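Residue numbers (the working numbering), protein chains in the order written: chain A, 1 to 360; chain B, 1001 to 1314.
Keep in mind the hints are simulated off the structure, nothing from the lab.
Note that this is a predicted model, so its numbers are computed, not measured.
Check each hint, because a few of them may be wrong.
[To be verified] Quick list of simulated restraints, FRET-style, between CB atoms:
1) B:Arg1272 <-> A:Val176: 31 to 39 Å
2) A:Arg199 <-> B:Ser1065: 52 to 60 Å
3) A:Ser253 <-> B:Glu1170: 32 to 40 Å
4) B:Arg1239 <-> A:Pro156: 42 to 50 Å
5) B:Gln1122 <-> A:Val176: 54 to 62 Å
6) A:Val176 <-> B:Ser1065: 44 to 52 Å
[As the list claims (entries may be wrong)] Computed list of chain A residues with no C-beta within reach of chain B, every gap over 10 Å:
7) Leu16
8) Glu47
9) Gly78
10) Glu141
11) Arg155
12) Thr160
13) Glu242
14) Lys262
15) Thr270
16) Val272
17) Arg353
For glycine and all other residues, C-beta sits at the position ideal for the given N, C-alpha and C.
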Amino acid sequence: MPRLAIEPWGNYSLALAASVECLKVIPWTHTCTTPEILRLGVAASPEFSCLSFKVTTGHFIKAAMEGVEYGVMVNSRGPCRLRYYRMLQQKLLAERGFNLFIFGLGYDGIKPPLIRHFDPKMKDFLDCCFRARLKVVTIDELEKAAWTRRAVEQRPGDTTRVMNRCLQALDQARTVPEIRAFRKTIPARFHAVAANPDRRPLKVALLGEATILRNSFLNHNIEELLGGLGAEVRNFFLLGDEMRNIFNVGLWSKNGRAAMRKLAKPYLGTSVGGHALTSVAHTIRCAQEGYDGVIHVAPAGCMPEVSIRPILRKISQDLDIPVFECSFDEHTSQVGMVTRLEAFVDVLAERRRKPGSQVI
Amino acid sequence: MFGRFKKSTARRSPAHHTIGIPRALDFYLYPALWETFLRELGMDVVVSSPTSRRTVEQAGLISESEHCLPVKLFDAHLAELAEHAGLIFVPRILSAFPGHIACPKLGALPDCARAQVPPAVQIISVDIDEARVPLAQSLAELGQLLNAAPAAIRQAAGCALSALQAARTEEAAPSKAGGLHFLIIGHPYNLNDAYLAGPVFDRLDRLGVRAERVSFADREVPPEPLKWDVCSLIYNRLRDLSSAEWDGVIHLSSFNCGCDSIAGTLYHDVLREKRLPCMTLVLDEHAGQAGVDTRLEAFVDSIREQHEHAQTRH
C-alpha cells in the first residue's frame, strides 16, 4: 500500500490519519514536530520564509527520506504565503532528488485530485469523512476539558497524562459506536484528576496563526506552560469550528465569518488574509467576555498576523485588555518562553488584585 | 423628508483643505497619481519629506519591530505628517494590477494608520482593487468621499491617470550608455526611494554600469505562477529577458519582505536557466553603505572577469 504524508496538525493529526483510510493508503504523520524535522526544513527553505513553511517542508522532506510516495497539503487562495507552499515544496523536493508528489486540497473542484487519483468507493469515502469529523469534534472536546482541568489540578502533569491516555484510546477507536462510547467517558476521565477547589484560574486566550497554535513543539507547549502557571487557556484554533467555516456551515454561528467581520469592523475593514481578521475579532470578544489576557501567537514575519499588530495594540488600549505578542522562529528557546509567560501571568494576577479592578 | 435629503447631498467643496500623503508604499506604487488628483480637486497637498537618516531612525523606534522596512518607513512618514496635517490619505490597496492581488500588508494599512495616529487626525481611504474595479472608478469614489463635484472629479481623474502613465514610463527610462548593462528589480517603493536605492545606482554609475529599473508601465502579465502583483510582473519580465542584451540582474529586496522570500527563489531559478548572474541586496535600517559598495564592486568585478575570460577563450 502506498503511503501518504499529511502535514502536522497537532492532536488533529490522529483524525486526519483516520480520514484517509478509505483511500487505501497508510497515513504518515506526527502529532508534533521533532528537532530533526525542523532542522531539515530550515536547511531547505528560503531564509525569510515563515516558520510554518519551514516546518511543513521539513515534514515532507523527512517523509520523502523514508520513502513515502505521496503527500497532501492544503491549498489557499488568499494573499498569504500559504498559497505558494505546495508549489515551492514540490520544487524543493525535486531539487533534492525526491519523488514525493504533493496533492493540494481545497479550491479545486468537487472531486479534488487526491480523491480522483485514489478513487475510493463513495460509501467508504462518506463513511470515512463522517468518522474523521466525529474524531475532530471529539478532540475539540478533549482539548477544552484539558484546558479547564489543567488550571486547577493539584499535582502538575496529571491532566496531561489523562489527555495522552485519551488520545491513545481515541486513536484505537475505529468504528462510530466506539468513538461515541469513548466520547461519553471524557467528562468522567477528567473529573478523576484531583483538583484544587479554591483556585480561581486566570482566563487567557491564545490566538493567531494556526500552525504555531496547534504544534506543541513549535509553541514550546504553551498550553501546558500556562496551565501549570494556573491559567485557564482557550486556544482559538479548534479544527471543528474551523471546518464549519471552511464549508460555510456555521455562517450564522458566533464564530462564523460574517459574525467575525462585523465584530472586527470598527478596527479592521478587510480580511487581510490568513487568520488576521479572526485574531482581531477574537481579541475584541475576549475583552467583552472578561478574559484576563490575550496571547497573540505568530511565526516571526508572518505577513497577515504581523500586519495587524498595531491594531491589536490599539484594541488593548481602548478595551483595557493585556495583549502579549509572541513571535516564534527556529531560534526561540523554551527557557525564554517560560520566563516571558511567567512575567505575563504575574501581570495578569496583579491586575486582578488591583483595587477597583473590573476584572473578577 | 426632502429637506433632509437635500441637506445630505449638499456639497462642501474640498478646495483649500489640507491633505497629507505619506511618501511611502502607495506613493511609489502609483507615482504622481494621488498628488495630481487631489491637487486638481483644489486641495492643498502636503507630501511628507523624502526619506532620510532621521526617518529611518524614527521608523526603527516607533514601528512594529517585525514589519518589513517599507512598512516601517511608512509609519515614520505617517508620524511626521500627523504632526501638522488633520487629514491624511492612505488607500487600501487590495490589487494594484488587473488579475492580481496585492501584498496583504497593504490591505491592512489604513486600519493600522488609524490605530497609530492621534484621534484628532482623520485618515481618509479608498479601496483600490484593480482586479475588480477600474482605477478611474476608485478615484471617482475618492472624489465623492471628499464631496467634490462630479465634473471636477472626472477632469481631475483624467489628469491624474495621464500623470501616472507618464511617471511610470519616465521611471524606467534607461540611463546613459555605458559598459555593462544591468536590470535592477524590486518593489517600486524600494527602487524609487532615493534614500534606499540612490546609493546603489550612484555606485553602479561610478563603476561604469548602465543600470535600468524594471518597467511598471505595461502591466498586462498573466498572474502565473505568482499572484502577487509586483512580483508577478517582475517574474514575467525576467522570463522575457534576453541574455544577449543584459549582463546581470540586481534584486533590491527589503528585510522581512514576505513576497520576496517566495518570489526571490523563483527569480533566481529563471535567471539560472538563462545563465544571467543575479545578486540579491537586502536593505534594512542598519545597512552600512560600505557593505553595499563592497558587494556591488565584487559583483561587477566577477562579471567583468567572466567576460574577459570568455573573450580570451574565443
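Hints versus structure:
In this structure the supplied range 31 to 39 Å is violated for Arg1272 of chain B paired with Val176 of chain A, their Cβ-Cβ distance being about 53 Å. Roughly 36 Å separates the CB atoms of Arg199 of chain A and Ser1065 of chain B, a value that falls outside the hinted 52 to 60 Å. Here the CB-CB span from Ser253 of chain A to Glu1170 of chain B is close to 53 Å, at odds with the stated 32 to 40 Å. A beta carbon spacing of about 58 Å between Arg1239 of chain B and Pro156 of chain A contradicts the range 42 to 50 Å that was offered as a hint.
Between Gln1122 of chain B and Val176 of chain A the beta carbon distance is about 58 Å. The supplied range of 54 to 62 Å therefore holds. Val176 of chain A and Ser1065 of chain B have their C-beta atoms about 50 Å apart, which keeps the hinted 44 to 52 Å range intact. Every CB of chain B is more than 10 Å from the CB of Leu16 of chain A (nearest about 25 Å), matching its label as outside the interface. Glu47 of chain A, annotated as away from the interface, has a beta carbon of chain B within 10 Å; the closest lies near 7 Å.
Residue placement check: Gly78 of chain A does not keep its beta carbon more than 10 Å from all beta carbons of chain B (closest about 8 Å). Distance to chain B confirms Glu141 of chain A as a non-interface residue, since its nearest Cβ pair spans about 33 Å, more than 10 Å. Every beta carbon of chain B lies more than 10 Å from that of Arg155 of chain A, the smallest distance being close to 39 Å; the non-interface claim holds. No beta-carbon of chain B comes within 10 Å of the beta-carbon of Thr160 of chain A; the shortest separation is about 31 Å.
The beta carbon of Glu242 of chain A is kept farther than 10 Å from every beta carbon of chain B, the shortest such distance being approximately 19 Å. Look at Lys262 of chain A: its CB is around 15 Å from the nearest CB on chain B, clear of 10 Å, so calling it non-interface holds up. For Thr270 of chain A, the condition that its CB be more than 10 Å from all CB atoms of chain B is violated, with the nearest at approximately 5 Å. Not every CB of chain B is more than 10 Å from the CB of Val272 of chain A (nearest about 5 Å), against its label as outside the interface.
Distance check on Arg353 of chain A: its Cβ is at least 30 Å (rounded) from any Cβ of chain B, clearing the 10 Å threshold; non-interface status holds.
Hint compliance for this structure: hints 1, 2, 3, 4, 8, 9, 15, 16 are broken, all remaining hints hold.
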